[in-house]
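There are 2 protein chains.
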Amino acid sequence: MPEVTPRQDLLVGVDLGGTKILAGVFTPQLKRVATAKLSTKAERGYAAVLERIDRCIRDAVDEADLSLRQVRGIGIGAPGAVNPETGEVLFAPNLRWKDAPLKRDLEKLLGVPVFVENDCNVCTLGVHGVELEGKPQSLVGIFVGTGIGAGIIIQGRLFGGFNRTAGEIGHMVLEIEGPKCGCGNRGCFEALASRTAIFRRLSDAIRDGAKSQLTELLGPGEEIVDLKSGDLRKALRKGDKLVEKVIEEASEYIGIAVANVINFLNPQCIVLGGGVLDALQDDMMPIIVATARDYAMTGTDKGIEIIASRLGDEAGITGSAVLARQGLKT
Amino acid sequence: MPEVTPRQDLLVGVDLGGTKILAGVFTPQLKRVATAKLSTKAERGYAAVLERIDRCIRDAVDEADLSLRQVRGIGIGAPGAVNPETGEVLFAPNLRWKDAPLKRDLEKLLGVPVFVENDCNVCTLGVHGVELEGKPQSLVGIFVGTGIGAGIIIQGRLFGGFNRTAGEIGHMVLEIEGPKCGCGNRGCFEALASRTAIFRRLSDAIRDGAKSQLTELLGPGEEIVDLKSGDLRKALRKGDKLVEKVIEEASEYIGIAVANVINFLNPQCIVLGGGVLDALQDDMMPIIVATARDYAMTGTDKGIEIIASRLGDEAGITGSAVLARQGLKT
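Protein sequence lines correspond, in order, to chains A and B. Residue numbering for the first sequence is 1 to 330, as defined by this note's numbering. Residue numbering for the second sequence is 1 to 330, as defined by this note's numbering.
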């Protein structure tokens, strides 16, 4: 654990998710000092979640034997559309929030400057700022989990777009006549390759009579869709043919989406992360990279890196700490 | 025609295409003074085309009763991958060029600074700089003709991407199992909605027995694929049901591609141009806009303009003049 002197100016990064809150304490050089975790309890409403974010941050600081007075800034990644200038969460369906003044309310509770961004943007900042040491001038981070989202870095800075919603790559249509998506359209990337889509395909195939060892992993009353990405890895290691086929297909869809990004935006680097990739990196990345290079126009992918993030579920807290550091500088 | 004083510093914009060369003389305020046109004759090789570009530029200047000594800079849009720093055309399949030092060779012939960019980038510059007076901070120009390409403006400047190939939106996959594209993949945007794709669909349908007034427009020995976008407009005006259906489908594909751009990059403005749009704007734009807004995630398209360019086939020369003006400033 890096040593922290009492006078050091610390940063806190918070990953606010629909089911859990993660908080990390970081040195100004972005070395992690301590973390804490709490369930979100979104169903209890905004005020209750606010109190839990506050508690989770204090827990992380206390875990490191430090005081909140040593914290110079707090960054938060929230699952939805965010206005980073005002620190409002405009719309976060998983939290049931609309126009929530998160920055203002947390600053009141904690007495420390707070910076808010979209969760995928924050993860992209973490990968860019810490894992890749800020080197790529342009980068797209694609995060495959329950849903699929992305963050875009151009000229070394986050690009939010006109409505601060850039990076909604999960709703890029890849197959017009494809499966129905939660958004109402058909064939969105998210409806083809998210964890939700993968488990729906597996569940449908098993119901139609396909054999899979996944059924042996089910607890009493559990269904296929209740399993986790890690269970897929276990099934793959045991040579499960159905899981292998579905993961291969999902990897191909991800590869095509990566090629679309290369053809259209041509960033220097594309980084893949999120729960599905974190669990199945070794199996998926070779297929993703081969498919992406196959679908990219000749010459367009030359020298462009397509890599998996190593930050795992720390991408969010790390990126939020980067966000806080950037916010304090400007 | 704007008045030009003998001492004025003029700009020349050149639109270098696979079949024709257009050159325009512009005032420093980007008012057009005169134009000239020449066939490209790409089959005669690089040196011959170079001589024809030189001649076309001199013709345009002469047409305006001016002298080449009054020209301060020349911009050129070339159909392929370009390195704008060196002014080389790296790869232009329609011209059969590879690593052609266009800037160097033209400067030698003309004695005037020359600036080279990709043709879609140049058209986007023209729309942004002249038609929209440089106002949108971010903009994507999508040009639908024989093929489909795009140009991207971010923070008011062209974004070329890591390999200078950003904007290859024609090879964004929209329908994985869709029709074969010239690039070797399936379901590319270009294979669904370019002029080539539209005429292929019409031709296939007519061969399969569908009725269309297009057959009446054919000259001796001509086939459907030899017709022009303007012929489609004529058929639509006469109530041709087959053409109506195919144009409606193409417009929907374009609308979905526009939505993909809104969801992913979220630019302030999306402008549509190119031969197909220039001829069929009134019929296609309502369907394109409605489809794009339908497929864009809720809230992401708020305030984003989706418009058709009014520059028509002058987008190229106008944008090339903008390019020259920008190049002279830096």
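Derived from the structure by calculation, the hints contain no laboratory data. There may be inaccurate statements among the hints.
As the list claims (entries may be wrong) - Cβ-to-Cβ under 7 Å is the rule here; a few derived chain B residues that face chain A: (1) Glu133; (2) Ile154; (3) Phe162; (4) Asn163; (5) Thr196.
Stated by the list, open to error - Beta-carbon label-pair distances, calculated as ranges: (6) Arg157/A <-> Lys302/B: 55 to 65 Å; (7) Gly134/B <-> Val225/A: 27 to 37 Å; (8) Leu218/A <-> Ala210/B: 46 to 56 Å; (9) Asp208/A <-> Lys228/B: 42 to 52 Å.
By construction, the Cβ of each residue, glycine as well, lies at the ideal position given by its N, Cα and C atoms.
**Item:** Numbers of the earlier hints that this structure fails to satisfy, in rising order
**Value:** Hint check: 1, 5, 6 and 7 fail, others pass.
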